[in-house]
Structures are given as structure tokens and as C-alpha cells.
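Residue numbers (the numbering used here), protein chains in the order written: chain S, 1 to 166; chain X, 1 to 317.
Since the hints were derived computationally from the structure, they do not count as laboratory data. Possibly wrong hints are sitting among the right ones.
Stated by the list, open to error - Straight-line distance between alpha carbons at most 25 Å, and here's what the computed SDA-like set of lysine to any residue pairs gives:
1. X:Lys46 - S:Lys151
2. X:Lys225 - X:Lys261
3. X:Lys47 - S:Ala114
4. X:Lys47 - S:Ala15
5. S:Lys74 - X:Pro194
6. S:Lys67 - S:Arg139
7. X:Lys47 - S:Arg66
8. S:Lys151 - S:Val165
9. X:Lys47 - S:Leu52
10. X:Lys46 - S:Pro5
11. S:Lys67 - S:Ala166
12. S:Lys67 - S:Pro5
13. X:Lys10 - S:Tyr64
14. X:Lys47 - S:Arg71
15. S:Lys151 - S:Pro5
16. X:Lys161 - S:Arg71
17. X:Lys47 - S:Pro24
18. S:Lys67 - X:Lys131
19. X:Lys47 - S:Phe80
20. S:Lys77 - S:Ala15
21. X:Lys47 - S:Asp125
22. X:Lys225 - X:Pro201
23. S:Lys77 - X:Asp44
24. X:Lys76 - X:Asn4
25. X:Lys253 - X:Gln202
26. S:Lys74 - X:Glu35
27. X:Lys10 - X:Glu25
28. X:Lys10 - S:Asp86
29. X:Lys261 - X:Leu244
30. X:Lys221 - X:Leu264
Stated by the list, open to error - Label pairs and their computed distance ranges (CB to CB):
31. S:Lys67 - X:Met108: 34 to 40 Å
32. S:Val165 - X:Asp268: 48 to 54 Å
33. S:Arg75 - X:Leu244: 40 to 46 Å
34. X:Arg66 - S:Glu154: 45 to 51 Å
A virtual CB, placed ideally from N, CA and C, is assigned to each residue, including glycine.
Chain by chain, the residues:
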Amino acid sequence: MAALPDAEALCAALAAALAPRIGPTSAMIGIHTGGAWVAERLHAALGMREPLGFLDIAFYRDDYDRKGLARDPKRSKIPFDVAGKDLLLVDDVLYTGRTVRAAINELFDYGRPASISLVVLAERDGRQLPICAQHAGARIEVAAGMRLRLKRSEQGRLSLELERVA
Amino acid sequence: MLRNPQLNAKGELQHLLSVEGLPRELLVQILDTAESFAGVTERDIKKVPLLRGKSVFNLFFEGSTRTRTTFEIAAKRLSADVINLNVAVSSTSKGESLLDTVANLSAMQADIFVVRHGSSGAPYLIARHVKPHEHVINAGDGRHAHPTQGLLDLFTIRHYKKDFSRLTVAVVGDVLHSRVARSLIHGLTTLGAPEVRVIGPQTLIPAGAAALGVRVCHSMKEGLKDADVVVMLRLQNERMSGTLLPSAQEFNKHYGLTADKLALAKADAIVMHPGPMNRGVEIDSNVADGPHSVILPQVTFGIAVRMAVMSMVAGGG
Numbered sequence: 001m002a003a004l005p006d007a008e009a010l011c012a013a014l015a016a017a018l019a020p021r022i023g024p025t026s027a028m029i030g031i032h033t034g035g036a037w038v039a040e041r042l043h044a045a046l047g048m049r050e051p052l053g054f055l056d057i058a059f060y061r062d063d064y065d066r067k068g069l070a071r072d073p074k075r076s077k078i079p080f081d082v083a084g085k086d087l088l089l090v091d092d093v094l095y096t097g098r099t100v101r102a103a104i105n106e107l108f109d110y111g112r113p114a115s116i117s118l119v120v121l122a123e124r125d126g127r128q129l130p131i132c133a134q135h136a137g138a139r140i141e142v143a144a145g146m147r148l149r150l151k152r153s154e155q156g157r158l159s160l161e162l163e164r165v166a
Numbered sequence: 001m002l003r004n005p006q007l008n009a010k011g012e013l014q015h016l017l018s019v020e021g022l023p024r025e026l027l028v029q030i031l032d033t034a035e036s037f038a039g040v041t042e043r044d045i046k047k048v049p050l051l052r053g054k055s056v057f058n059l060f061f062e063g064s065t066r067t068r069t070t071f072e073i074a075a076k077r078l079s080a081d082v083i084n085l086n087v088a089v090s091s092t093s094k095g096e097s098l099l100d101t102v103a104n105l106s107a108m109q110a111d112i113f114v115v116r117h118g119s120s121g122a123p124y125l126i127a128r129h130v131k132p133h134e135h136v137i138n139a140g141d142g143r144h145a146h147p148t149q150g151l152l153d154l155f156t157i158r159h160y161k162k163d164f165s166r167l168t169v170a171v172v173g174d175v176l177h178s179r180v181a182r183s184l185i186h187g188l189t190t191l192g193a194p195e196v197r198v199i200g201p202q203t204l205i206p207a208g209a210a211a212l213g214v215r216v217c218h219s220m221k222e223g224l225k226d227a228d229v230v231v232m233l234r235l236q237n238e239r240m241s242g243t244l245l246p247s248a249q250e251f252n253k254h255y256g257l258t259a260d261k262l263a264l265a266k267a268d269a270i271v272m273h274p275g276p277m278n279r280g281v282e283i284d285s286n287v288a289d290g291p292h293s294v295i296l297p298q299v300t301f302g303i304a305v306r307m308a309v310m311s312m313v314a315g316g317g
């Protein structure tokens, strides 16, 4: 299996690709937890006007009836008015698309954005919904029974890892 | 060992019957979840889709406006359908038994029963008889427990004081009749508050109070000294047989919270009250409306706490 790309390098490349698209109505929102880490990197690199927003989609998940509420939901914080904004929604790995579906639903409970673009560090096969990323750092093959995850070390360094699904 | 009737086989919250017996991690999980819901209640659209298609039955065999209303608001913000039953004046008066009432509502496809009952233990009885997908939340039973009030008190204390490990909490007044006090005291000791004091006349302090791990004080001077949190309890006129207290005025003189007595507590102390208040009896107006009072924030936090509890019991298979 090929080595996984370096997550920090992917963040830097994503920021460079996004830079020309940032305008006065742009704002960024990271999805807890991995997406928030990536968004922190991008937001700092891009010097955006609006502060960074965070979403925890626990209250919008579609598997609540099967799995119940996540144990440690974070508080969603969007410190700007989303109405009329061109939102960059940031996640770590795009897989089934269900997290993004939930995030979009939640965003509309804050207001009506002008647009939403999806930015992900990495995408893999397995979409279950008609959702795609406008900006993806990398496309990674993931074997059946494996999961691609973003980790953050104690020093704050991001890395992609493959792990077996329990 | 008998399984805790509030928890399922995986140790998750199945019913909320009492704060007593809830492990510390679960208490913290409820408070953390409520913190996330507090964010929802600050938005323009204060609603999330979690309980869409579920039915919450408010079953109040005993009157209560605030508790019933905040449960109703919480359920609606979770997108549940809410049915309010004033059972005290309907089925029961026609002689229907508690379990028959519940069985009928179950046939109407209930998911959550929020139960207030004058008899201690009634929610336990219901919890033993409901179907696996039905959940019971105790909204106050007799003198026994009022867990969501206890939890919202804990949430309020944590909100203002951050950490329980160095707090002195004084609970003042009619501890004997107070299910609120009982739930709060269990929660405080579970979360590690080092000093919980109960203050009141001998006749209104339960005989076994010291066994709960609290310090019993019979004077405000002793009990309020350097307190971080002062919780005033309502003097429950309707529960008093008349022999426990000479008069409300006498009670106010010794145990009513006045600005002078509050000055004994820490300068940044917060004052709480579960409501409804008897102004001029257990608490003076200038304290209830003063800068230390967090009585109205308690009501707001109560919504987020009840959202947390409902969404935690009703999720999963």
C-alpha cells in the first residue's frame, strides 16, 4: 500500500488553492473534531476577516435512533451571521457524505448562506448521498474494512492514519 | 447486585428517576450535553430534529406550571410532539389506576413519559411496567426526588463557578419536604463538592441529613459564612401540617435570606431558588432581584438540561 500523504502538507496546498477564492463575503466553518483542526490551519493561513465557526453535528445525525446521542457533543459556535455569506465548510475525510448532509441542515438553522462549498483534507470512495467536495486535498484509496482518520499529536501535528474498523 | 433501574445493559441512561445512583461520568455527560444544547437555545431557530416523530407525554398528577412548561419547551425544541395531560382532574378522578393510565397512553404510542406525582416512587413503578422503547423522566415525586431540577441546579453552579472541587454550598430552609434539596445534595456529593451545608430549624431538617454527607447548621450566621453558593428552598406551605413552624414571619426572621445575611457569604456568591418564590418569607425581594441572584438563568438553563436528558434517554435501539 502506498504511504499516506502528509496532512500538514495537504493543509498548506489546500490553503494555497483556496487563497484566490477568498472574498469579502467568505467565511469558514469547521466540523468537529477533525474538520475543526483542518479549518484552524486553513483559517490562519488565509487571514480571513470573519472569525472561524465550529459545528458539532451530533443533534443532526441520521443514526440517532440506532446509536443514540454522541457521548461528548461539543457546542456549535458560529460567531458571525451566516446569512448572505459564501461559506467554506471544512471536514477532514469525505466518505459517505452523511456528516456533510447533517452539517448543511444545521447551517440552515443559523440562516440562509449565499453558498456553501465543501473543503476536505481527503476524500475516499463510498458516497451514500449525492455530495461532492469542491476542494479536496487528496484522493485516497481505502481498502474494505479500513477507516481513514485524521489524528492530532500532543504537539498539535496532524497526520492521516488507516485503522481497522472494529 | 440489582441493576440500576435508570440504566440499560450498556450503562446508558434509560430512564431518569433520581440523581441518586447516577455515576459521576453520567452526571458529567448530562451536564456537557446540556452545555451543547444551551448553544442551540441561543440561536434564532432554537430547534433541532433529534426527536422528530416521537411523542412526549407530560403526565402531571400534581400541579406545576414552570416544570411542565420547561419540559414542553424542551421537547418542542427537540422536534417532538408534546401531549399535556392534566391527569389530576381526568382519569384519576374517575378511578383509573396509575398503570392503566400509562397503558392507555402507551397504546397511543408514547415514547417518553414525563411524570410528576405526589407519591414518592410513582415514576419507578411506571418505569418497571413500560415497554423497552418507552422512557420515564421523573419530574418530581412526593418528597423523594426532582432530578431535572437537581441537574439544572448543578448546571447553574458549574456555569458560574466552573469547578465543584473547592465549593461551599449552603442549602437553606425546608429541607425536610424538599425533593429539590435531596436531588441537589446527591449530585453535589457525587461531583465532589467538599462542603455542603443544610441550614434550617431542627423541625425542617430530616433526621438522617448528616448521613447524606452534609453539615447541619441551625443558624444562618454559621451556615452562610464564606459560602460560594446559596440555594434557598421554598417554604412549602401546602405540605406543612402547621406544627413545624410558629409562623412564616418567624421563619423569615431567622432563615429568610436578606442582604445582611447574604453579606456573610463570599463576595461573589450566587443565590439560587427553584421557584416559585415566597418573597418576604424565605427570600427578600432585594436579594431575589439583586446582583447575586441567578434565579432566572436557572429557568433558562432548565430547558437545555431537559433537552439533554430527553435526547439521552430516547436515543439508540
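Worksheet item: Within a Cα-Cα threshold of 25 Å, do Lys47 of chain X and Asp125 of chain S meet the stated pairing?
Response: At roughly 33 Å apart (the allowed maximum being 25 Å), Asp125 of chain S and Lys47 of chain X break the hint.
Worksheet entry | Pair hint outcome, Lys47 of chain X versus Phe80 of chain S [Cα-Cα no greater than 25 Å] | holds, 19 Å
Discussion item. Check the hint pairing Lys151 of chain S with Pro5 of chain S against an upper bound of 25 Å on the C-alpha distance.
Written reply: Between Lys151 of chain S and Pro5 of chain S the Cα gap is close to 13 Å, so the pair holds against 25 Å.
Fill in: Restraint check for Lys46 of chain X with Lys151 of chain S, where alpha carbons must lie at most 25 Å apart
Violated. Lys46 of chain X to Lys151 of chain S sits at ~33 Å, over the 25 Å cutoff.
Discussion item. Verify the CB-CB distance for Arg66 of chain X and Glu154 of chain S against the hinted window 45 to 51 Å.
Written reply: Roughly 46 Å apart at Cβ, these two residues keep to the hinted range, so it holds.
Worksheet item: Is Lys47 of chain X close enough to Ala114 of chain S, meaning Cα to Cα at most 25 Å?
Response: holds, 22 Å
Item to complete: Would you check the hint for Lys67 of chain S and Arg139 of chain S, treating anything up to 25 Å between C-alpha atoms as holding?
Response: violated, 29 Å
Discussion item. Just to be careful, I want the Cα atoms of Lys47 of chain X and Arg66 of chain S compared with a cutoff of 25 Å; is the pair within it?
Written reply: Between Lys47 of chain X and Arg66 of chain S the Cα gap is close to 21 Å, so the pair holds against 25 Å.
Worksheet item: Are the Cα positions of Lys47 of chain X and Arg71 of chain S separated by 25 Å at most?
Response: holds, 20 Å
Worksheet item: Has the given pair, Lys47 of chain X with Leu52 of chain S, been kept, meaning a C-alpha gap of at most 25 Å?
Response: Roughly 23 Å between the alpha carbons, so the hint for Lys47 of chain X and Leu52 of chain S holds.
Worksheet entry | Holds or violated: Lys253 of chain X to Gln202 of chain X, with C-alpha atoms at most 25 Å apart | Answer holds: Lys253 of chain X to Gln202 of chain X is near 15 Å, not above 25 Å.
Discussion item. So if I understand the rule, the pair passes when the alpha-carbon distance is 25 Å or less; does Lys46 of chain X with Pro5 of chain S pass?
Written reply: Measuring from Cα to Cα gives roughly 41 Å; hence the hint is violated.
Checked against the numbered hints above, the structure breaks hints 1, 4, 5, 6, 10, 12, 17, 21, 24, 28, 31 and satisfies the rest.
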